[in-house]
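Protein sequence lines correspond, in order, to chains A and B.
Residues in the first sequence are numbered consecutively from 1, following the UniProt record's numbering.
Residues in the second sequence are numbered consecutively from 1, following the UniProt record's numbering.
Misleading hints may appear alongside valid ones.
Any copy, or any two copies together, can satisfy a pair, since identical chains are not distinguished.
Said to hold, decoys possible - Straight-line distance between alpha carbons at most 30 Å, and here's what the computed DSS-like set of lysine-lysine pairs gives:
#1 Lys383 with Lys364
#2 Lys375 with Lys364
#3 Lys390 with Lys357
#4 Lys364 with Lys419
#5 Lys364 with Lys534
#6 Lys526 with Lys383
#7 Lys390 with Lys526
#8 Lys357 with Lys383
#9 Lys310 with Lys209
#10 Lys238 with Lys212
#11 Lys364 with Lys390
#12 Lys375 with Lys357
None of these hints come from the bench; they were simulated from the model.
2 protein chains.
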Amino acid sequence: MSQTYPSLTPLHPQPTTLHVTRWMLGPVVLSRTPLTPRPPPPSSSPDEASNGNDPWSVWNQDATGGSSNNWAAQPEGTVTGKSAAPDPWGSNTQGHPQAYQGPDIYPYPYIIDFSGAEDDEWDDEWDDVKSNSESGEGGAIQRGGATGSSMKISLNKFPGFSKSGPELFLLCKLPPKGKEKLTIYMGEVGPVWSYPEAQLDCVVADPKKGSKMYGLKSYIEYQVIPNTTNRPVNHRYKHFDWLYERLLDKFGSAIPIPSLPDKQVTGRFEEEFIKMRMERLQGWMTRMCRHPVVSNSDVFQLFLTFKDEKDWKTGKRKAEKDEGVGVMIFSSIEPEGPDLDPIEVEQKCEQFSRFTKAMDDGVKDLLNVGQEHWKRCTGPLPKEYQRIGKAFQNLSSVFTSSGYQGEATLTDAMNEAGKTYEEIAQMVAEQPRKDLHFLMETNNEYKGLLGCFPDTIGVHKAAIEKVKEGDRLVAASKITAQDKATMAKRVSTMSYALQAEMNHFHSNRIYDYNRVMQLYLEEQVKFYETIAEKLRQAHSQFTTM
Amino acid sequence: MSQTYPSLTPLHPQPTTLHVTRWMLGPVVLSRTPLTPRPPPPSSSPDEASNGNDPWSVWNQDATGGSSNNWAAQPEGTVTGKSAAPDPWGSNTQGHPQAYQGPDIYPYPYIIDFSGAEDDEWDDEWDDVKSNSESGEGGAIQRGGATGSSMKISLNKFPGFSKSGPELFLLCKLPPKGKEKLTIYMGEVGPVWSYPEAQLDCVVADPKKGSKMYGLKSYIEYQVIPNTTNRPVNHRYKHFDWLYERLLDKFGSAIPIPSLPDKQVTGRFEEEFIKMRMERLQGWMTRMCRHPVVSNSDVFQLFLTFKDEKDWKTGKRKAEKDEGVGVMIFSSIEPEGPDLDPIEVEQKCEQFSRFTKAMDDGVKDLLNVGQEHWKRCTGPLPKEYQRIGKAFQNLSSVFTSSGYQGEATLTDAMNEAGKTYEEIAQMVAEQPRKDLHFLMETNNEYKGLLGCFPDTIGVHKAAIEKVKEGDRLVAASKITAQDKATMAKRVSTMSYALQAEMNHFHSNRIYDYNRVMQLYLEEQVKFYETIAEKLRQAHSQFTTM
Chain A
1 MSQTYPSLTP LHPQPTTLHV TRWMLGPVVL SRTPLTPRPP PPSSSPDEAS
51 NGNDPWSVWN QDATGGSSNN WAAQPEGTVT GKSAAPDPWG SNTQGHPQAY
101 QGPDIYPYPY IIDFSGAEDD EWDDEWDDVK SNSESGEGGA IQRGGATGSS
151 MKISLNKFPG FSKSGPELFL LCKLPPKGKE KLTIYMGEVG PVWSYPEAQL
201 DCVVADPKKG SKMYGLKSYI EYQVIPNTTN RPVNHRYKHF DWLYERLLDK
251 FGSAIPIPSL PDKQVTGRFE EEFIKMRMER LQGWMTRMCR HPVVSNSDVF
301 QLFLTFKDEK DWKTGKRKAE KDEGVGVMIF SSIEPEGPDL DPIEVEQKCE
351 QFSRFTKAMD DGVKDLLNVG QEHWKRCTGP LPKEYQRIGK AFQNLSSVFT
401 SSGYQGEATL TDAMNEAGKT YEEIAQMVAE QPRKDLHFLM ETNNEYKGLL
451 GCFPDTIGVH KAAIEKVKEG DRLVAASKIT AQDKATMAKR VSTMSYALQA
501 EMNHFHSNRI YDYNRVMQLY LEEQVKFYET IAEKLRQAHS QFTTM
Chain B
1 MSQTYPSLTP LHPQPTTLHV TRWMLGPVVL SRTPLTPRPP PPSSSPDEAS
51 NGNDPWSVWN QDATGGSSNN WAAQPEGTVT GKSAAPDPWG SNTQGHPQAY
101 QGPDIYPYPY IIDFSGAEDD EWDDEWDDVK SNSESGEGGA IQRGGATGSS
151 MKISLNKFPG FSKSGPELFL LCKLPPKGKE KLTIYMGEVG PVWSYPEAQL
201 DCVVADPKKG SKMYGLKSYI EYQVIPNTTN RPVNHRYKHF DWLYERLLDK
251 FGSAIPIPSL PDKQVTGRFE EEFIKMRMER LQGWMTRMCR HPVVSNSDVF
301 QLFLTFKDEK DWKTGKRKAE KDEGVGVMIF SSIEPEGPDL DPIEVEQKCE
351 QFSRFTKAMD DGVKDLLNVG QEHWKRCTGP LPKEYQRIGK AFQNLSSVFT
401 SSGYQGEATL TDAMNEAGKT YEEIAQMVAE QPRKDLHFLM ETNNEYKGLL
451 GCFPDTIGVH KAAIEKVKEG DRLVAASKIT AQDKATMAKR VSTMSYALQA
501 EMNHFHSNRI YDYNRVMQLY LEEQVKFYET IAEKLRQAHS QFTTM
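The following block holds chain A by itself, in its conformation from the complex:
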């Protein structure tokens, strides 16, 4: 299965004003499980609000909020086709081959060492000659600054940068909209993206170790099988990383592009690590497939359906030369609706800002208590149940030594009760992988997604400010009155995009939370029912005197 790909160069975004990818580098985003049923299309219109405050400026000062905690897996029974994929790792997690393997193998992967921004020798060496996309300071900050706080610093280091982006779009001569036209319709809920008839999906499976340079270097590659062609293509992590960079460059100003799963958690070739990375890559791909704009893009289609190395190379070079990146994505957008008043634009912006901030707080709160609960359930609690079980069995054993006749029923029953509590200990320790894991995962993913919004919203705020400055700029002959009207029209287009994206977000959020809450409660019910049944069985061993 091992296969060497053609020249792949780390294409960090260049430190020019053309790129807005820095804005998008919020906290790393969790990818999630593939979704069989399609999330319902957005169907209602967001309220309007009228508050002009800054989006939460302290967002990224919450250091924990920005760490690269990418992890994803598939809840049992919710995987489409994936469960049929071969599992070369022979997991012993009964019935949950893709569940998080628990703290015995990895501690709850909350804080991940991301100190080295550079790729390491195992997985991140680039096979071929570097392309001409130099990795300048801005790029380095971007890659290394996967935490929200460092991203904030990088923004502060380039004052005006975030404004130059929207300015570029607001005043530029628009290129003709070609194949790339992104229509925004008015749905029941307001502006919505154009959703495809059939939803794209893919399976990431079958990780295999390969080597090159006469075995000096080894790597893992994964099969990616889109549901459109059913034909597997092979990709290494660095190819996913290349795709991520392309999507970030191209769509990042308008669409939150969740970061890839982090590069390294622990031993590179440990089975568990590979399995976890695969699950996270699966989750990331699934979320990208769910997005109507991303999934329909040339670069994404190339990644999923390239025919051979030549095809891949050609497509790769084309993608790297794409000029419709950064804020210029807005030039492809065509709203099917009247221009919005700048005041309405500002209101929407504020509303989204407040909501995403509030949701971010709620999600972090749940993550915090979930992490504590995880620790307790996998640590002291089962140990205690085990000790209770041992104590019952020990007492039973002592009773057996009494020499007093006729207490076998009691001692047998006490022994059984003891074993039952040992079984309960085991169940308690394993349960978080079956339910809490997925609750954590979903919330962690949303934490990452929400972390992208302050920057997205920042672009809009900057654009709004530019339009507000319009009169002064016209008076100072910096722009013409026509320019000002154009800016207002374009900021309206940006707002359509933001609203469409928010509606996409809401629609997916409702779907995801409904599903994960159901899964969680279902598993919790099973858990408590099983314990009750075991105890009922243990109870029946005692005689009624």
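Given chain A's structure and the hints, the job is docking chain B onto it.
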């Protein structure tokens, strides 16, 4: 209800060789709940063993083993008649008016301050002139030495004391056996006490505050209602204490007399304290009622059925003058079986020693883990469930603010799920009072009972040693050959008593553990079933997409 009793003097055992009560001052014993069904009579014969080692000499060096942790209460549904007694304290523990009130009011009452051996001004002032039974040094040590370790010290301070006891009985001219004859029969399990046809039981209820000396002193008195007369008598704590001293004096050499519940835990007139003391007194009385020898004794019958103050005073004086105390109890014992060989006596002694030591270890182990579990279940665990519940409700509230239409089903369901976890938090915190409490209680009681055995066994060991010395004593003309034969016969009688007591212990142990394990598991099943049902209900609120 307040009533002043006639002269009651603290009758500490006098520091003479006649008293063996020091031997009995093992760790304080827990009294237990009243038992409706009668424990089965002993029905099998203990094994014989042939090891001559000392009973566990380090027993009392385990300081925690000897602390006065008397506490008892009635498991729900197992109280005879008691639940019909009025509860003037209006407890808010739903459905468990007599369950331990939890750490919010009392911390798990494990380590109790027993620093003051003297009675305090509230409850322990003696109403009347002190009797002529002076409380000498030995008595003071006895009362103050309620912990095992201090008792050991008191024994060490009087070397030879523990030998003088059995010696007294082994060589004395036996008084004629009168009404007090204690027959030991050979049952299926070996020697057994003579059990009465109907088991005595009593209810301790209706604690009332009284006062005297024009209100300067106040106290609590309890109604005690025996099932034989159904006529209530009133007793203050100090009367129970007087009874305890009498029983200890009279039977302590042969029968473990569990200590009373400790004098003071916390605020004297707090409702919870009084209720808890009442429960513990109930448990103590129940265990005394269950013992065929104790329950049939004059002093115990006096306590339960005295007709008036005159009757009480007369009986009290008579009891205090009783000379059949200490090791002389053995002179009342009449085994219906052949004399035992001293080797067999020693083997039995060793066997009981090993068993009680092993059970003591097992019980302490269970108590330790139970205490930890109690802390967790009433502390951090429910807090965590509450936080999870709050986090769900908070997220639901944030979602409601999205302005996106059609998510009311989700937000309502999440809110309900959150409330469910808050309910679970409450259930988790309250559960230990419903099950773990009784498990702890039973084991704590047995810890106390087991703590009495090293001393009981010590008396036997001393007697066995005396018999072993027989030949030398005869040669030295200290005793006659007839004396030696008498000693062997009398040590055989002592062994019958020990065996009868062990069989009584085993019989009660089997009954108690069978019952408490059933109760524990029953309540645990209910607990987990209720949680599962609540979660099932919460789950049903979500829509299947």
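Quiz prompt | Numbers of the earlier hints that this structure fails to satisfy, in rising order | solution = none
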